[in-house]
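Colleague: With the hints as extra help, turn the sequences into a complete structure.
Protein chains: 2
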Amino acid sequence: MNISEENFIVNLGIHIRQLREKKGLSQQGLADDCGITKSQISRIEVATINTTVKTLVKIANALDVEPKELLDFPLK
Amino acid sequence: MNISEENFIVNLGIHIRQLREKKGLSQQGLADDCGITKSQISRIEVATINTTVKTLVKIANALDVEPKELLDFPLK
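So the protein lines, in turn, are chains E and G. Residue numbers for the first sequence follow numbering that gives the first Met the number 0, so the first one is 0 and each next one is one higher. Residue numbers for the second sequence follow numbering that gives the first Met the number 0, so the first one is 0 and each next one is one higher.
All the given hints hold, so there is nothing to weed out.
In silico lysine-lysine, DSSO-like type, Cα no more than 30 Å apart, as pairs:
id, chain 1, residue 1, chain 2, residue 2
1, E, 22, G, 53
2, E, 22, G, 67
3, G, 21, E, 67
4, E, 53, G, 22
5, E, 21, G, 53
6, G, 37, E, 67
7, G, 67, E, 53
8, G, 67, G, 53
9, E, 67, G, 22
10, E, 37, G, 67
11, G, 37, E, 53
Hints were generated in silico from the structure; no laboratory data involved.
Modeller: This is the structure:
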């Protein structure tokens, strides 16, 4: 398999934004629920940062999904 | 949901080690296939580092699995 890392984090950001909006949360709301900054959420969603597994777990907890679901999206 | 971040990365490390061994790769072999150091693979497997999404993608590519499969394990 040869998935592009850059493409993957772009798609991850889009997927996290979709899950956040589905839950009716603002970036600030999600940030508050995760205990991270709104700026960090924003940068994850637009893929300007390469986030860590622990931050994924925080986001998954706040979105009421399992961490693996955050990585479950079709690659475009 | 309230998954412990620390517990999650411990289980992730165990899961990556299992997938690596299933593929018959040493830590050095996996490191070479990923373009990262053996020390980094070792530290991910024993959960002394909180790795990034891009590194997960490199490992998934080398193990011939999708990135989401790296996070697909029962939480203990």
